[in-house]
Structures are given as C-alpha cells and as structure tokens.
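**Student:** Chains as they are written, first to last, in the working numbering: chain L, 1 to 346; chain Y, 1 to 592.
What the hints contain is simulated information worked out from the structure, not anything from laboratory work.
Please note: incorrect hints may appear among the correct ones.
Beyond 10 Å from chain Y on every Cβ pair, some chain L residues (computed) [what the hints assert, rightly or not]:
#, residue
1, 22
2, 54
3, 109
Simulated coverage check for chain Y against chain L, where a stretch passes if three residues somewhere in it have a Cβ under 8 Å from a Cβ of chain L [what the hints assert, rightly or not]:
#, region
4, 118-127
5, 220-226
6, 255-261
7, 268-277
8, 487-498
Think of the CB as a built atom: it goes at the ideal place given N, C-alpha and C, for glycine as much as any other residue.
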Amino acid sequence: MATATADQGHAGTGEHAHPPHLAHHFDSPEQQYQSGKLGMWAFLATELLMFGGLFCAYAVYRANHPEVFLYSHHYLDATWGGINTAVLIASSFTMAWGVRAAQLGQTGLLKVLMALTFLGGVGFMVIKGIEYQSKWKHHIFPGFYNAYNPSYFDKANKDAALQDAIDYRQSHISGHSAAGLPAEAVKDGAVDGGAGQGQTGKATVAAAQAAAATRDQLAGPTTRRGTMLVDPNAGTGDEAKMLPTFVQPVGLAVAQPKTSHAPPVELGDMNALSQSRINTFFGVYFVMTGLHGIHVIVGMGIIAWLFLTAGRYSPEYFTPVDLGGLYWHLVDLIWIFLFPLLYLIH
Amino acid sequence: MSAITPNQVIPVPQHPPGGNYLNHSRGIMSWLLTVDHKRIGIMYLIGVMASFALGGFFAVMLRTELFAPAPLFFSDKTKAWDFYNQMFSLHGAVMVFLFIIPAVPAILGNFVLPLQLGAKDVAFPRLNLMSFYCWIGGAIFFVFVLAGGIVNMMLPELKGSLAQFGLAWLIQPGLDTGWTFYTPYSSSKSASGVVPATLGAFILGFSSILTAVNFMATIHMLRPKNMGWFDMPLFLWALYGTALIQILATPVLAITLLLLAAERTLGVGIFDPALGGDPVLFQHFFWFYSHPAVYIMILPSMGIISEVIAVHSRKHIFGYTFIAFSSVAIALLGFLVWGHHMFVSGQSSLANAVFSLLTFSVAIPSAIKVFNWVSTLYKGDVRLSTAMIYALGFIVLFTFGGLTGLFLGAVATDVHLTATYFIVAHFHYVMVGSVLFALLAGFYHWWPKMFGVQTNVMWGNIAAAVVFIGFNLTFFIQFIAGSLGMPRRYATYPEKFTIFHEVSTIGAYVMAVGLILALGNLVHSLLRGTPAAANPWGGNSLEWHCASPPPHDNFAKTPETSDPYDYHRWEEQADGSWVQIPEDPQRSKTAH
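Could you build all of it, start to finish, from the sequences and the hints given here?
**Tutor:** Here it is in structure tokens:
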C-alpha cells in the first residue's frame with residue numbers, strides 16, 4: 001500500500017540529537033534566533049508607541065502652554081538629570097559589551113558586566129529617588145499632592161505649601177546662577193532654614209494671584225475650540241472659521257526672548273488659567289519619569305536573571321542576552337529623549 | 001466522479017490511532033500549563049464565549065428595560081437610570097475588551113494559524129500561554145468590578161461601613177461611564193469602578209499585544225520553504241494585518257487608560273479642565289486606539305470569510321492579491337481616521353474635512369473584498385453548509401454596516417446622526433452582523449478539525465436563520481429610530497419611539513434564542529456528533545492535511561504545500577468526506 005507511514009516523533013527527520021536550547025517547533029537555531037529578534041523588535045515598537053502617547057501629551061501641552069513649562073522646569077535639576085543620563089549610557093555600554101561576552105562564551109566577564117549594568121540601574125533609581133524625595137518635601141508631587149493643584153489634598157495648609165513650593169523654585173534658580181553642584185542638597189537646607197520668612201517679596205502667593213487677576217483683565221476673554229486657541233480678532237469669514245489660527249497663548253503676556261539667559265518666567269507673569277495648569281506639568285513629568293522608572297526596574301530584573309543564568313550562554317546560544325540588551329537600550333533611549341524635553345527647557 | 005481505487009487515494013499521515021492533542025496528556029494541569037497552541041485556543045474559546053454570554057446577558061437586560069419608557073427594574077427613577085447606565089457600560093466593555101477583540105485571533109487564529117503554515121506551533125509558545133493568562137487577569141478585574149456592582153446594588157450601605165476600616169475600595173460599584181470612559185465624567189465625577197475596569201482593559205491589552213507579536217513572528221519565520229507570502233491562505237494575511245494593528249494601536253490605549261487611572265487616583269490633571277487638563281485630548285488618545293481596534297475586529301473576520309466562501313463554493317478565491325493587499329491597506333489606513341468619532345467635539349472644520357476624506361478612502365479596500373467574495377461565489381458549486389450560511393449572512397450584513405458607515409463619515413449627516421441609535425445600529429451591523437457571523441462561520445467551518453466531530457446541519461442552519469432574523473429585527477429599526485432622533489445611551493424616551501423599542505427588544509430575544517441554539521448545537525456535537533473526516537469540506541490549505549482532531553505536534557514532517565485554493569485534487573466521497581487523489585496530467589483543472 002502506498003501509505004506514507006508516519007514519522008514517530010523525531011526519528012524520521014534524523015534530528016534526534018538536537019541542541020538542548022533549540023525548541024521543538026524550530027528547524028534550526030538560526031531560525032529560532034531570528035524569530036526571537038523579530039518578536040523583540042515588535043515588542044519594542046509597542047513600548048515606543050506607549051511612550052509616544054506621553055510624548056504627544058507633552059507636545060500638545062507645551063505647544064499650547066509654553067509659559068507653564070518655562071515656569072515649571074526650574075524645579076528640575078538638570079545636573080542630577082545629566083548624571084542619570086551618563087549613568088544610563090554607561091550601563092548601555094556595559095550591556096552591549098555583555099552581549100559580546102555572551103557571544104564569545106566569556107561567562108565570567110558576562111557576569112561582571114551584568115552586575116555593572118545592574119548597578120547602573122540602581123544608581124539611576126537612587127538619583128531618581130533623591131529627585132522625587134525633594135519634590136515630595138516641597139509639595140510638588142503629582143496630582144492632589146501638588147500645591148498648585150486647585151484640589152490640593154490638604155486644604156488647611158494649601159497657602160503655606162504653595163509658598164514653600166514657590167520659595168523652593170526660587171532657591172533653585174539662585175542656586176544655579178551660583179553655578180554650584182546639584183542645588184537640591186545645598187538649597188534644601190537654605191530653604192528650610194529660611195522657612196517662614198519667604199524669599200523675595202515678588203514671589204508670594206498673594207502677589208501672584210493679584211498679578212494674575214490683572215493679567216486676566218488686560219488679556220480679555222479668549223474663546224477656545226478643542227485644544228486650539230482661536231484668535232477673537234480673526235474675522236468672521238469662512239476662511240477664519242475653517243482654518244485654525246495659532247495665536248500666542250495669552251497665558252504669557254510678554255513674549256520670552258529666545259536666549260538661555262532670559263529671566264525666568266514668574267508666577268505673576270501668568271494668568272489664573274495657566275497657573276492652574278502648573279500641576280499638569282508635574283503630572284506629565286511624574287507619569288513620564290515614573291513609567292520610565294518602572295521600566296528601569298523591570299530591566300534590572302531581566303539583567304539580574306541574565307546574571308543568574310549566565311552559564312547557559314555560548315556562541316551557539318546567547319539569544320536572551322541579546323534580547324535583554326535590546327530592551328535595556330530602549331529604556332536608555334527613552335530617557336535620552338525624556339531628559340532634554342523635561343530638564344533642558346529654555 | 002471517476003472511479004478511484006483505494007490504492008490511488010493519498011491518505012492523511014496517521015499517528016497512533018486515537019492519538020490527538022486532546023488526549024495527548026491528561027489532567028487539569030496539563031491544560032493550564034500547556035504550551036500547545038491548540039489547547040490554548042480551546043481555553044480561550046471557553047473564556048471568551050463565557051464573556052460573550054455575560055455581555056449578552058447585559059444586552060438582554062438593557063433591552064428589557066427599554067421595552068417601555070417607564071422604568072422597569074426599579075421604581076425609583078434615579079436608581080433605575082443608574083442601573084441602566086451600568087448595563088450599557090458593562091455590556092460594551094465586556095463585549096469589546098473581553099469578547100470581540102480577542103475572539104477570532106485568540107481562538108481560531110491560535111488554533112488554525114500554525115496548522116495552515118504546516119508548523120508545529122507558534123513562534124513563542126510560552127508567550128502564547130502568557131497571553132492567555134493576561135486575558136484571565138483582565139477578566140478577573142472585570143469580574144471584580146461586576147461583583148462590586150452587584151453587591152453595591154443589593155447592600156448599598158456596605159461600602160460606607162467598610163470605609164471606616166479603609167476598605168471601601170473593595171466594593172467597586174460597576175461601571176457607568178460607557179465603554180468609552182469619556183472624561184471628565186470618568187476622571188472626576190463617576191463613583192463607579194473606573195480604575196479597576198481600566199486596569200483590566202490595560203492587562204487585556206497585553207494579551208492582545210503578545211498574541212500579535214507571536215503571530216507576526218510566526219508568519220514571518222515559520223512558513224515552510226516553498227510557501228511564499230503570496231502562497232499563504234488569506235486567513236493568514238488577515239491575521240498579519242490584525243497583528244500590525246494590535247502592535248501599533250494597543251499601546252496607545254494602554255497609556256490612555258493608565259493616564260485616566262492616574263487622574264482618578266492621583267488627580268494629575270491631564271484630562272479634567274478643573275485641574276488644568278484637556279478632555280478632548282482624552283478623546284483623541286482613546287479613539288487613536290479604538291478606531292484601529294474595530295479593524296482588529298473585522299480584519300480576521302474577513303479572513304475567515306475568504307476561507308469559507310472559497311472552500312464551500314469549490315472555487316478558487318477571486319482576486320487573491322487584491323484581498324491580500326486590501327488587508328494591509330485597511331490596517332494602515334485605519335490609523336488615519338480616528339477623528340471621525342469626534343466630528344462634534346469642537347475640533348476645527350479643517351480636521352473634520354480631512355478625517356472625513358480619509359474615512360471614505362478606508363471604505364475602498366473593504367468594498368474590494370466584498371466584490372471579490374461575490375465574484376468567488378459566481379458560478380461556484382455553492383454548498384449551503386452552516387458555515388456558508390453565516391458567510392452569506394456576513395456579506396449582506398457587512399454591506400449594510402459598511403454603507404451606513406458612509407453616512408457617518410460625511411460630516412454633514414454625521415452631525416445629525418451622531419450619538420443617536422443610527423450609530424448603535426451601524427456598529428452592531430459591523431460588530432455583530434459581521435464579526436459574530438464570521439466567528440460562527442469559522443466555528444462551524446473548523447469545528448470538525450478542532451474536535452473531530454460533525455455538527456448537526458439541520459439545527460445549525462435553523463439556528464443561523466433565527467440569528468439572522470433576530471439580528472435584523474433588533475437592529476434594522478434602530479437606523480430609523482436614530483435618524484428620527486432617538487439618542488443612544490438613554491434609559492427612557494418619548495412615547496413616539498415606543499414601537500421602535502418594542503420591536504428591537506423582541507428582536508433581541510429572538511436573537512438570543514438563535515444564539516443559544518447555534519452555540520448549543522456546537523456543544524451538542526461534542527457529546528453526540530458523528531466523527532469527522534480529516535477533510536470534511538474538501539479544502540486544500542494545510543490544516544486539512546492532518547487528522548481531525550490534529551495530533552499533538554500537528555505534522556510529523558512539513559506537508560507538501562500547494563495553492564491553498566486549488567481544490568481540483570480533492571474528490572468527494574459518498575459519505576460526504578473528501579480524499580486527495582494523485583495529480584492526473586489528463587485531468588482538466590477547475591478555473592482559477
């Protein structure tokens with residue numbers, strides 16, 4: 001009978017002794033490796049799109065309310081951020097070297113490099129912790145814990161908290177003009193010591209609110225359509241109705257000169273509407289850096305696992321190290337975009 | 001039929017008698033920890049169809065409430081309307097996130113894709129299992145929200161008394177924002193379980209993404225040597241296009257829901273104007289995913305229809321290349337049209353015009369497919385199997401759904417029709433009339449392969465007719481009600497709309513009966529069905545080249561591939577099964 005007798009298991013294919021790392025549904029280690037790479041890149045695309053949504057929110061808010069960003073970025077210390085950037089780039093270097101070590105079967109070196117990469121992640125999270133901690137202390141945590149939020153959780157002490165936040169920002173600005181090292185540690189002490197006295201008379205809550213009220217009167221009402229400001233003087237023709245008109249957001253009455261030495265935007269330069277948006281900046285900042293931080297922790301978990309399983313990798317099989325490296329490089333890349341967008345606003 | 005002697009029949013490779021993936025290993029853990037794509041597909045089948053039943057229950061409840069304008073379930077109007085809000089929100093959320101997005105890819109895609117490639121499994125079997133557990137995790141969150149809703153309804157004071165122990169969060173009172181979670185109601189005003197519902201949808205998103213990554217890698221890397229891209233069955237093109245959308249769109253939903261959850265818990269102020277945010281930004285983010293999501297729903301369904309129409313009319317699919325490219329075109333164009341959900345949101349007229357134009361363009365590839373299916377049927381040897389009946393129903397109902405989408409894509413008419421029952425009817429025609437019908441067609445088509453049993457044709461066809469009648473009774477009249485001004489998501493209405501709602505509710509009951517019959521027929525076949533042949537329909541794609549049910553490792557060695565729509569080498573036997581005969585040079589081929 002012309003039956004094609006079935007192959008029982010792998011005997012018919014003659015591949016009974018296949019490498020232990022080769023899964024049964026793959027024909028060759030090369031196919032398995034290439035599939036893994038493709039899958040990982042597809043997953044990285046999803047991560048890019050997820051952060052892309054956040055970058056889009058950032059872009060929309062910054063385009064519509066540049067004054068809020070010009071005001072708020074002084075709360076961020078570019079020096080700490082810069083150190084974090086250097087740490088992550090260095091850890092990406094040790095990671096890439098680790099992939100090379102795995103390819104060459106250098107297990108000992110691989111373990112060292114994974115440990116160093118892990119330490120880079122630790123360093124990043126420690127610095128992040130320092131930054132977050134100072135923000136917590138000065139009432140500029142996100143959402144309800146932000147003194148600029150109209151629904152600040154501690155109604156009784158809202159004004160004091162807001163004043164403290166304003167003073168902290170002022171000290172940050174002064175600290176940088178003195179060109180010192182991270183202003184956080186130094187200025188914390190100064191502000192704490194000076195609490196209750198406030199800083200310059202300009203930056204008090206009451207003064208800011210009064211200035212905002214004046215701004216509102218000067219600027220006049222604006223009409224909004226969706227997220228686009230409409231110039232009330234644009235005319236009534238069809239063209240005016242059809243095409244969106246970009247006007248200088250009225251939150252900032254005075255256009256900022258485009259130099260890095262421009263005087264910082266002050267609270268009093270903004271109308272009440274923009275002031276209520278300052279807490280949105282912090283929402284964006286904390287969600288972006290927080291979500292990134294979660295990804296760093298996940299990456300650290302992966303690196304720890306690679307460290308523990310380092311003995312498995314050889315020139316024949318180093319796929320997990322390669323894919324873990326891809327993930328870590330993406331985490332690094334996202335930070336490289338986050339850092340200038342949040343910390344280096346001018 | 002020429003006389004075929006037994007020697008000339010090419011038999012399907014046999015494994016040990018009775019050895020298939022179902023009895024390959026025993027015990028619950030062999031299922032819960034399986035990495036076999038077929039078993040994972042079956043587990044998805046159970047979970048997803050259970051969710052369908054749950055979502056259907058909510059639908060019956062809300063249609064019952066709407067039978068008359070006066071409140072039905074509660075005498076107190078506020079309680080009644082609040083309950084109604086919960087019903088339509090949970091109906092939508094459960095159906096969209098737990099049922100319709102996963103259904104075709106996770107059940108039929110998982111089962112059939114590796115078989116159609118002649119492969120032993122998907123590229124990442126363990127990731128496949130993780131996708132399943134992500135689905136379970138998301139489902140748990142929804143069940144938690146639902147349970148909280150029920151408890152809160154029966155014991156309204158419990159949440160307050162738990163608050164003193166800091167445990168008020170244990171009772172999450174359902175969902176009343178609509179499945180679309182529009183802000184600022186969802187971010188600031190609603191007291192329902194928005195956070196766990198969004199977290200549940202977030203986890204379900206991972207299930208979707210990981211399945212997509214798996215399918216994309218499998219189609220790229222695990223095709224046999226002589227199966228190029230244009231030698232694949234069209235179901236695989238459809239799954240590939242779907243995977244593209246899932247990978248690119250789902251993460252945007254993930255971040256949107258994360259931001260919404262952060263806004264509700266921490267007050268970050270991205271979407272609520274009172275906190276400095278922008279509510280229309282939520283709509284942009286939400287619809288940037290949710291429009292491509294509807295293509296995640298329809299594309300694999302169209303893939304099923306391509307398979308079923310071709311096999312059950314014994315004719316090579318017409319316009320293979322056009323259908324393949326249309327699948328990718330729909331996937332890509334679908335990303336450009338989200339603004340058509342926001343024509344009245346206050347965005348500029350320029351944006352409206354651009355989105356409207358793009359919406360019209362995305363209809364074109366879908367129409368191309370419909371023409372190709374009809375051309376395939378033309379002069380084909382049409383067999384009215386249950387699968388084919390559902391496929392024919394799909395063509396009719398998808399045409400209605402698609403054409404009514406054009407009314408909605410034109411800004412001027414959309415301004416009148418938006419937020420009315422016209423919209424409700426439109427999306428039910430494409431989601432139920434099309435996706436559900438295609439899913440049922442796929443079930444009836446592949447059930448013999450999956451379980452090795454034949455379904456009862458008479459009851460299957462009766463059920464299909466009842467579902468078709470019930471569906472149209474429910475939803476056709478809603479087009480009219482909507483154009484006359486009946487708003488959607490309203491728990492009550494003026495007297496003049498009563499007849500519309502009465503008809504629609506009766507239709508819903510008829511459809512429910514039909515669906516119970518249709519699904520019951522499938523279950524009955526598992527208990528009492530006659531054993532099925534390896535190839536009950538005479539298809540030529542590779543899944544029909546292994547036994548029914550398939551063995552654990554699908555194919556001992558990769559089968560020979562040929563044009564999946566070339567049926568001339570399959571001969572029908574007296575008992576209705578099909579066997580493969582050797583190539584005969586004298587034999588004339590059927591038209592391609």
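**Student:** For residue 109/L, is the shortest CB-to-CB distance to chain Y above 10 Å, so the non-interface label stands?
**Tutor:** Holds: least Cβ distance 29 Å, greater than 10 Å.
**Student:** Three residues or more, CB to CB closer than 8 Å: is that satisfied between the region 118-127 of chain Y and chain L?
**Tutor:** Contact hint for the region 118-127 of chain Y vs chain L: holds, 8 residues under 8 Å.
**Student:** Residue count check for the region 255-261 of chain Y against chain L: does it reach three with CB-CB under 8 Å?
**Tutor:** Holds: 4 residues of the region 255-261 of chain Y have a Cβ under 8 Å from chain L.
**Student:** Quick check for students: does the CB of residue 54/L sit more than 10 Å from each CB in chain Y?
**Tutor:** violated, 6 Å
**Student:** Please verify the coverage claim for the region 220-226 of chain Y: does it have three or more residues whose C-beta sits within 8 Å of some C-beta in chain L?
**Tutor:** Coverage by chain L holds for the region 220-226 of chain Y (3 residues, Cβ < 8 Å).
**Student:** Quick one: see if chain L covers the region 487-498 of chain Y, three-plus residues with Cβ-Cβ under 8 Å.
**Tutor:** violated (count 0)
**Student:** Taking 10 Å as the cut and beta carbons as the points, is residue 22/L off the interface with chain Y?
**Tutor:** At roughly 12 Å from the nearest Cβ of chain Y, residue 22/L sits farther out than 10 Å, so the non-interface label holds.
**Student:** Are there three or more residues in the region 268-277 of chain Y whose C-beta lies closer than 8 Å to some C-beta of chain L?
**Tutor:** The restraint on the region 268-277 of chain Y holds, since 7 of its residues have a Cβ under 8 Å from chain L and three suffice.
Figure legend: structure checked against the earlier numbered hints; hints not met, in rising order: 2 and 8.
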